[in-house]
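Residue numbers (my numbering), protein chains in the order written: chain Y, 1 to 326; chain U, 1 to 386.
Since the hints were made in silico from the structure, they are not lab data.
Bear in mind the structure is a predicted one, so any value in this text is a computation, not a measurement.
C-beta atoms are modelled at their ideal positions from N, C-alpha and C, and glycine is treated no differently.
One thing to keep in mind: the hints can contain errors.
Said to hold, decoys possible - The following label-pair restraints were derived from C-beta to C-beta distances:
(1) 96(Y) <-> 232(U): 31 to 41 angstroms
(2) 96(Y) <-> 145(U): 50 to 60 angstroms
(3) 271(U) <-> 27(Y): 33 to 43 angstroms
(4) 131(Y) <-> 156(U): 48 to 58 angstroms
(5) 302(Y) <-> 177(U): 55 to 65 angstroms
(6) 177(U) <-> 255(Y): 55 to 65 angstroms
(7) 141(Y) <-> 223(U): 21 to 31 angstroms
(8) 43(Y) <-> 329(U): 47 to 57 angstroms
(9) 136(U) <-> 110(Y): 47 to 57 angstroms
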Amino acid sequence: MRDQANLPMPISNVMWVEKYRPNKLSDLVNQKDVVGSLKQLFKNTSELPHLLFSGSAGVGKTTAALCITKEILGDVWKDYTLELNASDERGINMVRERVKKFSRYAGLDGRIPFKIIILDEADEMTSDAQTALRRIVEDTAKYCRFIFIANNISKIIAPIQSRCAVFKFTTISEQEVISYLKEICKKENVKFDEKGLETINSYAEGDLRHSINMLQATASLGTVNESNVKKTAGLTKTKDAGQVLKLALAGKITEARNKMIELIKVYGMSESDFLKYMNRESYKIKNVKLSEILEIIAKYDYRVIVGANPEIQLSALLAELGKIGK
Amino acid sequence: MMWAEKYRPQAIIDMVGNEEARVSLIEWIDKWKKGTKPILLVGQPGIGKTTLAVLVAKQFGYDLISLNASDVRNKEQITHVLGPLLGSTTVLGKPLIFVDEVDGIHGRSDYGGVESLVKILKEPTVPIILAANDDSSTKMRSIKKATKTIKLRPIPPRLLRIYLGDILSKEGSKLVESSILKLVVESRGDIRSMLNTAQLRTTGFEPQTEKSFETLNVEDGVNAFFKAKSYDEAKLIMYSLSIDPREKINAFYSSIITSSLPKDEMLRMLKVLSEADIIYGKIRATQEWRLLRYLDSILLGLYKADSPVRYSRFNLSWPLLNRLMWDGKTIKKLAHVLAKKMHTSVSSFSTFYFPYMLLCMKNKTLDLNIEEHYDKVIQKEMELIK
Chain Y
1 MRDQANLPMP ISNVMWVEKY RPNKLSDLVN QKDVVGSLKQ LFKNTSELPH LLFSGSAGVG
61 KTTAALCITK EILGDVWKDY TLELNASDER GINMVRERVK KFSRYAGLDG RIPFKIIILD
121 EADEMTSDAQ TALRRIVEDT AKYCRFIFIA NNISKIIAPI QSRCAVFKFT TISEQEVISY
181 LKEICKKENV KFDEKGLETI NSYAEGDLRH SINMLQATAS LGTVNESNVK KTAGLTKTKD
241 AGQVLKLALA GKITEARNKM IELIKVYGMS ESDFLKYMNR ESYKIKNVKL SEILEIIAKY
301 DYRVIVGANP EIQLSALLAE LGKIGK
Chain U
1 MMWAEKYRPQ AIIDMVGNEE ARVSLIEWID KWKKGTKPIL LVGQPGIGKT TLAVLVAKQF
61 GYDLISLNAS DVRNKEQITH VLGPLLGSTT VLGKPLIFVD EVDGIHGRSD YGGVESLVKI
121 LKEPTVPIIL AANDDSSTKM RSIKKATKTI KLRPIPPRLL RIYLGDILSK EGSKLVESSI
181 LKLVVESRGD IRSMLNTAQL RTTGFEPQTE KSFETLNVED GVNAFFKAKS YDEAKLIMYS
241 LSIDPREKIN AFYSSIITSS LPKDEMLRML KVLSEADIIY GKIRATQEWR LLRYLDSILL
301 GLYKADSPVR YSRFNLSWPL LNRLMWDGKT IKKLAHVLAK KMHTSVSSFS TFYFPYMLLC
361 MKNKTLDLNI EEHYDKVIQK EMELIK
C-alpha cells in the first residue's frame, strides 16, 4: 500500500509510457546517429526509402517510427498509417489482404506523399511470409512506405534488408535512462532516490519502456526507492517464465505446465516470447548444468517453429528439463 | 502385413471387377504414341485405380513415376518433377507418369498447379495416367478436357464375396457367414477397406462383433491402443483409427499428459509426441501429405504393454480450464485493445504493462477508463497481485 507519509498521488488517466513518448524525432533519447541520418533522408520526402529499424527492446524503435509518421503525415497520420505487430495474424495471405486493402482505401489526396505501413516485430514473421512481403513491398512502392522493426536483424531475410535503409538503434545508457526517469518524476511530483532509479534500470536491463512502466507502478506505492522498486519488479511476467523454469528443473512438471499454460493461454504471452524469457532467466538461476538447459531450450525453440502444436513441444521441453534437474 | 497389400493383384487379369475399364486402358497403352490423350481414371477409393496404373506400367514395360496431389501442388514443383521426364526420355528409360488424387490439387493455395499440369497434358511426350475420386467439380473441367476419362465402378457384392472367401481360406481364417456378408455390404464396393476390416475382425480384437475399428471413436481407439495385448494389435488399432491427424496427435497428448505416469515414461511419451507433432507440422508446411504414412509409425512408439494411460478429452484441470475459458478470453480481449493503443503486441503488453497497470489501479493512481464489462476480471486480477 501507499506510504501514509506522502500526499495521495493524483489519478493519472494514461500510462506514463504513452504520456512521455516523444512526438518528435529530435526528442528521442540517445539515438543521435539514427536521428541525424533520418533527418537527412527527410530532406526529400518523396524519395524516402523503406526503413528497417533494429535494436533491443525499449530503445525507441517504435517511437521513432511513430515520430516519422507524425512528422511526415501530420494531423492525419492515424488515417494513413497501418500498424501490424506480432499479435496480428500475419500469415502470408493475411498480410497480403490487409496491406492491399489499406493501400487501396482512400487514395492519396495530395495532403500526404504516401501511406506508411509499420511492421513491428517483423523478425517474428516466418521467412515465407517475409518472402511474400517482398512482392507486396514492390507492388505498393508507389503509394506506401514500409517501416520494418526488428530486435534481431539477422532474422530479416536479405531481400527485404536490401530494399531498406537500415538503422541500428543502440542501447540506452544507464545515465540516460535515469535522467529520463528523473524528469518524469519531477513532472509527476514523485519522490525518488538515486538508488531507486538505479534499481529500476538494472531490473529493466536498459529497456526504457519497461523502466517507465516500473517507475509508474513503484510510484503508486510511494517513494521510488530500492525497497519499493523491489516490490514492483517481481510483477513482470518474465519472472513467471523464470518460475516455470525453476519448477520444471525441480521436477514439478504439472505445476510448471499449469503456470506456463496460464501465461500463454490466459495472458497471451507468445510461445516465442516465453522461450526468450526462459532462456534469459536460465542465466540468472546459477544452475551448474546451464549449457544443457540452454541446449534443451534451443532444441524445443526450433521444434515449436517446425511443429504444429506448440503446447505439445513446450510440455516435452518441461519434461526434459525435469530430467536434467536431478 | 496388411491383407490389402499382401493380396494386391500382381497382374491385370487377377483384378476384380471393372473388366471394361481394364480393357480400355490396355488398348490405350498398347496403341500409345506421342500425342495420345492421357487417361483420367475416375472412381471411388479402394476399387483399384492405383493398382491398375501400377500393373499397366509393369506389364507393358514402363517405369512408373508416381506422384500424388501433394507433389504437384504448384507450378515450380510440376516443372521441377516432370520437366526432366518430358525432355530426354532416353536417360530415364521408359517413363509412365501416374498422378494420383488430381481432384485434391484444388482447394489449397496451389495456384498455377492445374494450369501447368494441363499444359503438359495437352502435349504428352510420355504416357500419363491421372486418377481422381470425383470428376464432377467444375475445377476438374480443364483436366477432363485434356484427357480421356475411364470410369471405374464399385466392385459388385457378388465378386467381393468370392474374393474375400478366397483370401480368408488362404489365410486359414474363419468368419461366420453373417459377418462376411456384413463386411461385403458395408464396404460399398471399396475392396481395400473391406480387406482391412476383415483382417481386424479376424485378429481377435472384439472379433465377430458389430463394431469394427473403422467406426471406432477417438475415445475407444485411444483406450484400445493402450490396452492392446501386443504391439501388433496396437499397430492395427493405430492404423485403423482413421481420424484427422491433428486430432489424433492431440487425443494422445491430452490422454498422456493427464495420466499419472512415472517421470521417465512421461518424458519418453512426450518425446514421441514431439516427433509426431514435428512431422505433422512439416507436412502442413510443405503439403507433402504422403509423409502422413510415417505419422502412425511414430505414434506407435507410444505403445507399451500394460500402460495406465486412458483417454482424456481435456488436457487441463478443471479450474485451469475454467480460468482459461472465462478469464483468459476476457483478458486477451482487453489486452488486445490496450496493446493496440500502446503500439505494442499483446504478448509484450501482458508481460511489461499489464501487471504494473494493475498495481497502479489497485493503488488508485491510475484510471484508464476501461469499459465496465472488464471490471470483474480486473478486480480479480488485482487481487492476484501480491
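Structure-based check of each hint:
1. 96(Y) <-> 232(U): 31 to 41 angstroms: Violated, at about 49 angstroms.
2. 96(Y) <-> 145(U): 50 to 60 angstroms: violated, 31 angstroms
3. 271(U) <-> 27(Y): 33 to 43 angstroms: violated, 52 angstroms
4. 131(Y) <-> 156(U): 48 to 58 angstroms: holds, 52 angstroms
5. 302(Y) <-> 177(U): 55 to 65 angstroms: holds, 56 angstroms
6. 177(U) <-> 255(Y): 55 to 65 angstroms: holds, 58 angstroms
7. 141(Y) <-> 223(U): 21 to 31 angstroms: The hint (21 to 31 angstroms, Cβ to Cβ) is violated, given that residue 141(Y) and residue 223(U) are roughly 59 angstroms apart.
8. 43(Y) <-> 329(U): 47 to 57 angstroms: holds, 49 angstroms
9. 136(U) <-> 110(Y): 47 to 57 angstroms: Between residue 136(U) and residue 110(Y), where Cβ atoms are some 54 angstroms apart, the hint holds.
The earlier numbered hints that this structure contradicts are 1, 2, 3 and 7.
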